[in-house]
Amino acid sequence: MKKILIAFAALAFAGATARAADTLLVTGAGATFPFPLYSKWFSDYNKKHPDLQFNYQSIGSGGGIKQITGKTVDFGASDAPMTDEQMAKASGIIHIPTVLGAVVVTYNAPMQSLKLTPETLSGIFLGKITKWNDPALAKDNAGVKLPDTAITVAHRSDGSGTTNIFTDYLSKVSPEWKEKVGKGTAVKWPVGLGGKGNEGVTGLVKSTPGAIGYVELAYAKQNKLPTSTLKNQEGVFVQPSLEATSEAAAGVEMPADFRVSITNASGKTAYPIAGFTYLLVYKDQGDKAKGEALVNFLWWAIHEGQTSAAPLDYAPLPKPVAAMVEKTLQSMTVQGKPAQLAATR
Amino acid sequence: MPPPADIAANGAALAEPPQRLPAGAHTGDRLWNALLGVFGGAVLLVVGVIVLELVKVSRPVMAVGATRFLLERDWNPVVDSFGALPFIYGTLVTSTLAIVVALPVSVGLALFLSEMGPPRLRPVVSFAIEILAAIPSVVYGLWGLFVLVPWLRSTVEPFLQSTLGFLPLFQGPTIGLGFLAAGLILAVMILPTVSSVTNEVLKTVPASLREGALALGATRWEAIRIAVLPYARPGILGAAILGLGRALGETMAVTMVIGNSPEIHASLFAAGYSLPAVIANEFAETVTDVHTGALAGLALVLFGISLVLNSLARILVQLVSRGPMRGAAQ
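So the sequences go chain by chain: A and B. Start counting the first sequence at -13; every next residue gets the next number (my numbering). Start counting the second sequence at 3; every next residue gets the next number (my numbering).
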């Protein structure tokens, strides 16, 4: 009996080491928002390249930045670009935008549609507009019967990239918001209740008559939540959609390192509360095999990978941005030498 | 927590067990002794390492001033201003509310199970209590959000406001979410702990006490009141503290119904925040070291509250077990 056990153990051990020898494991950690898309990418790419496996932990953008800074993972992922302070601690990190997301405003009130302007939205979240039939709201929503009920604000209680994009937008359109609240993954809300995650905010909104809250576009689409249209910089009311989100990225002057906020973008059809999500990698890769594999995966992700974005409710990169990312990838090096891109060879 | 009471009561009568092995002890005994020493030491080591790590991580915020951190009401990650007070307040208010609601119910339940209930019904009720203990806290949270909160908003809170509205506890807008919802959810969650420990305590009451009281012509209620409850008091107190400990650390269910806004309000209808909830919520996405440090600082505070509470409980149990209960027991 003992001998059989030992034989089994030896076999299992041999099997484990054999597998480790011929597959390459690339690890990453970070944002939860793009996780569904990334896991599809990893599995699709693994089917094409069975010798390459990804292990991604969706621990949040902050954690992703910490881990790539500490070099405990091969790549990080974040919904917000790293701050200058963070960049100073980790020199050589570059941002690779992968897809875009948008933040939508959802509500629980008996209206078929709701139009919001930057002024009314910031007014509501600052606690200055407290009733649904406020004259400011009525002015934009002519023909819609607004109820005489109190507005309850719902926001994220957990630190999140969604909050970062939303407060970044409000800081841009409202000087009062910028001064009183500011932007960040977690802020001090003037009014309202906090719910954990998109589902927490949705739960609050659904269970509280007169509530208003913000969630990710993908989450709102999948759960068929009512969403408001929003007046963009050009004065056009835009319904949140994947196309309108991609438009937002096209209407911004893109810096070479892609660290840019695309909220309140110009462009007639651009939805104003949108943002990139990024993969974070070192420009010079230390490990030859892993470095080559990672660069080639990134190349695939911004080309073939983009086709799986829309079915999963992520907005693909607009063409000009994708072209810029191509250049960045071509400039990546492995141990000081230019990386070999299989696709361009 | 019946053992401390028993030990306190009987400790004097027991012979002290030998503390050290005699010189000629067997090798096996020595090994066993060493092994147990390692186990005991490991617990101390783990606690020590946790505290050390928390102190280390929280240094950026403690550098600003620990007292300021404890007494500051403002929590604003954008400008790196961090104060623990609203969270301490929320944790204490919800836990106290929970124990105030749960303790009488638990004692009643335990009396039903050990003294008054029809013997056939007892296992059914006790099974139901065990089920309550097995429900994951996120399920309690969901139930709270979709059932309890709307009920509080539409029925309970308006009623409380119209009858007891002169008290500051029951004023302000009735939104459902808040201290009251969190306290009630916690009460249900700690009910199994408190009632089952109380039940065990009641079982240790000697039958002679009860019989003596009944023989003197006491009714069943009188027997419980003058003989059973005084004897069991330290144990019941211990059960309450155990429940309170669980309530202090509960995260998921609380964060789903408390409203998550770091504010201090006298009204139970208002939204608040608790220590474990904010740590769980904000930790994954902190951007600055000060923010991470502040959350670690909150963890230290929670640790401290638990420590103080447990020490208090031990002292109380000892005090009470020296009190009138001795007279009743002997």
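Source of the hints: derived by calculation from the structure; they are not laboratory data. Note that beta-carbon positions come from the ideal geometry of N, C-alpha and C, so glycine has one too. Honestly, I wouldn't trust all of these hints.
[To be verified] Which stretches of chain B does chain A cover? Using the computed rule of at least three CB atoms under 8 Å from a CB of chain A, they are:
id	region
1	145 to 151
2	193 to 200
3	283 to 291
[To be verified] Chain A residues, not near chain B, derived (Cβ > 12 Å throughout):
id	residue
4	22
5	142
6	290
So, going through the hints one by one against the coordinates:
1. Using a Cβ-Cβ cut-off of 8 Å, 3 residues of the region 145 to 151 of chain B lie near chain A, which meets the minimum of three, so the contact claim holds.
2. A stretch counts as covered by a chain when three or more of its residues have a beta carbon under 8 Å from one of that chain; for the region 193 to 200 of chain B and chain A the count is 0, and the coverage is violated.
3. Here's how the region 283 to 291 of chain B fares: 8 of its residues keep a CB closer than 8 Å to some CB of chain A, so the rule of at least three is met and the hint holds.
4. The beta carbon of residue 22 of chain A sits about 18 Å from the closest Cβ of chain B, which is more than 12 Å, so the claim that it is off the interface holds.
5. Not every C-beta of chain B lies more than 12 Å from that of residue 142 of chain A, the closest at about 8 Å, which undercuts listing it as non-interface.
6. Here residue 290 of chain A stays apart from chain B, with its beta-carbon at least about 31 Å from theirs, past the 12 Å limit.
Checked against the numbered hints above, the structure breaks hints 2, 5 and satisfies the rest.
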